[in-house]
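K.L.:
Spelled out from the first residue to the last, the chains are:
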Amino acid sequence: MEIHTDIAIIGAGPCGLFAVFEAGLLKMKCHLIDYLPVAGGQLSEIYPKKPIYDIPGYPEVLASELVSNLLKQIEPFNPGFTLGERAEYLLNHGSEGFEIVTHLGTRIKSKVIAIAGGLGCFEPRKPELEHLEDYENHGVDYIVKDPEKYRGKHIAIAGGGDSALDWCIYLADIAASIYLIHRRSEFRAAPESVEKLKKLEQAKKVKVILNAELETLKGNQKLESLVIHTEQGSIEIETSYLIPLFGLSPKLGPISDWGLHINKNAIDVNTLDYSTNIPGIYAIGDINNYPGKLKLILCGFHEATLMMQSAYKIINEGKKPSFKYTTVTGINNL
Amino acid sequence: MEWLTIYIRDKNQIDHLIQIPNEASYSLMELLKASELPILGTCGGMALCASCHVYIHSNHILPEMKEAEEQLLDSLVNSETNSRLSCQLPVGDYLDQLIIEIADL
Ligand SMILES: Cc1cc2nc3c(=O)[nH]c(=O)nc-3n(C[C@H](O)[C@H](O)[C@H](O)COP(=O)(O)OP(=O)(O)OC[C@H]3O[C@@H](n4cnc5c(N)ncnc54)[C@H](O)[C@@H]3O)c2cc1C
Ligand code: FES
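These protein sequence lines are chains C and B, in that order. Its first residue numbered 1, the first sequence is counted upward by one per residue in the numbering used here. Its first residue numbered 1, the second sequence is counted upward by one per residue in the numbering used here.
If you are wondering where the hints come from, they were derived from the structure by calculation, not from laboratory data. Even for Gly, the Cβ is constructed at its ideal location relative to N, Cα and C. Mixed in with the good hints there might be a few duds.
Stated by the list, open to error - Some chain C residues close to chain B (C-beta under 8 Å, calculated; not the full set):
#1 Y47
#2 R184
#3 A189
#4 F246
Said to hold, decoys possible - Here are the computed lysine-lysine pairs in the DSS-like style, where the Cα-Cα straight-line distance is at most 27 Å:
#5 C:K251 to C:K126
#6 C:K49 to B:K66
#7 C:K251 to B:K33
#8 C:K264 to B:K33
#9 C:K27 to C:K109
#10 C:K196 to B:K66
#11 C:K50 to C:K293
#12 B:K33 to C:K293
#13 C:K295 to C:K251
#14 C:K199 to C:K149
#15 C:K50 to B:K66
#16 C:K126 to B:K33
#17 C:K72 to C:K50
#18 C:K49 to B:K33
#19 B:K66 to C:K198
#20 C:K126 to B:K11
#21 C:K145 to C:K126
Same shape as in the complex, but just chain C (with noise of 0.2 Å):
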């Protein structure tokens, strides 16, 4: 797939969203890419039910609270989503913008790049399995990006959290089967969730396996079994995908590849506009380096602002943005 757009935004994070309605303001339009199959960033992957009490104007606020609210206020701009594909690659054309292309192989491009990847692309935690990798995209899974893949086969989710659990109650109706496999030997997850799976293993819609291991992937091209460890021995199972869910940590990734000046998994940038060393390419938000620079998301807010105003300089060829409150224009009539 191609897309084309003013601005491509790497990360959904709050600073990549308010980025899209400051560009919306003057007529950019935007694109935003991130491995996350949900917008939000830390805020969705961390905290989402934690309160932020240093957003201007509140008091006090959910973390998922601020997320919806910013994708509401950039609703009107109408912003392209790529979610569940880290950018991978960048190709610069010059005077034709920039191209990047996700790890699944879309194609994004572009005149300017604002990177607002935070504390860096949020990566699963991978379980130590020899040929893990043969079998990524091949059964194994990270994420859930379309639950009814799932519809009809026999799957095994791996993990103890609450989101293995979520997941495993979600699709209790959907797969033919579904083994859930924890190291340990109870649930600590959220009291309401583990009550829920207790009720499905009665029903037999769910088999726990608890206090095991994986231990080998086996299959042709694709996952055809699992052999877990479990205190009775080994065990193989008949599965066609496995979804370990481990829980995500953030990595700088390919980003630290594309010729940027990085520092401590940092990209500097210019304060004037937040413009990288590469002209077209800006960096807001956590994953800019600056002095004096603090990671909150109001510094993001202001650093999106600042630099939407020299990115209209490049895609509307030198020409200076004119400057005008939103009480003034409202947000329709642009």
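Chain C is fixed; fit chain B with the ligands onto it per the hints.
P.N.:
Frame of chain C; chain B with the ligands shown alone:
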């Protein structure tokens, strides 16, 4: 005691001595991070990110785990019976001579 001695065990089983100030207002994670060790402390110490996961290799008696720490460690692929989140260990005399290994992320 003004300073605490902590040993950081590397992958080759070699212990490296560091000294951290004995300041009760900090967690072990914060002082390990301040010592430029590869501890991210992404969530600021809320037992939400596991980027401060360490293995304890000495026989120290540590404060009991709270629910949030147990839950998070349980959900990890590389947690062991000697795993702790260093953000959940307040700094104090009891940590002196502790031997830890920093877990992979
Ligand atoms: C527990 C906790 C509490 C916090 N509390 C506060 C608070 O009270 N106030 C405050 O202001 N801040 C707080 N913060 C910090 C705040 O969350 C960050 O400053 C903010 O999330 C930064 O936003 P961002 O958009 O720059 O990046 P992030 O939120 O990190 O989002 C970046 C996104 O980019 C994606 N990405 C990166 N690289 C790629 C790639 N190559 N391809 C595809 N996607 C990619 C990532 O998957 C991620 O979703 C807190 C953080 C934590 C963890
Ligand atoms: S710093 Fe996040 S869990 Fe300890």
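K.L.:
Does each hint hold? Answer for all of them.
P.N.:
Here is how each hint holds up against the structure:
no.	hint	in the structure
1	Y47	holds (6 Å)
2	R184	holds (6 Å)
3	A189	holds (7 Å)
4	F246	holds (4 Å)
5	C:K251 to C:K126	holds (13 Å)
6	C:K49 to B:K66	holds (18 Å)
7	C:K251 to B:K33	holds (18 Å)
8	C:K264 to B:K33	holds (13 Å)
9	C:K27 to C:K109	holds (18 Å)
10	C:K196 to B:K66	holds (24 Å)
11	C:K50 to C:K293	holds (24 Å)
12	B:K33 to C:K293	holds (17 Å)
13	C:K295 to C:K251	holds (16 Å)
14	C:K199 to C:K149	holds (24 Å)
15	C:K50 to B:K66	holds (18 Å)
16	C:K126 to B:K33	holds (24 Å)
17	C:K72 to C:K50	holds (20 Å)
18	C:K49 to B:K33	holds (26 Å)
19	B:K66 to C:K198	holds (24 Å)
20	C:K126 to B:K11	holds (19 Å)
21	C:K145 to C:K126	holds (17 Å)
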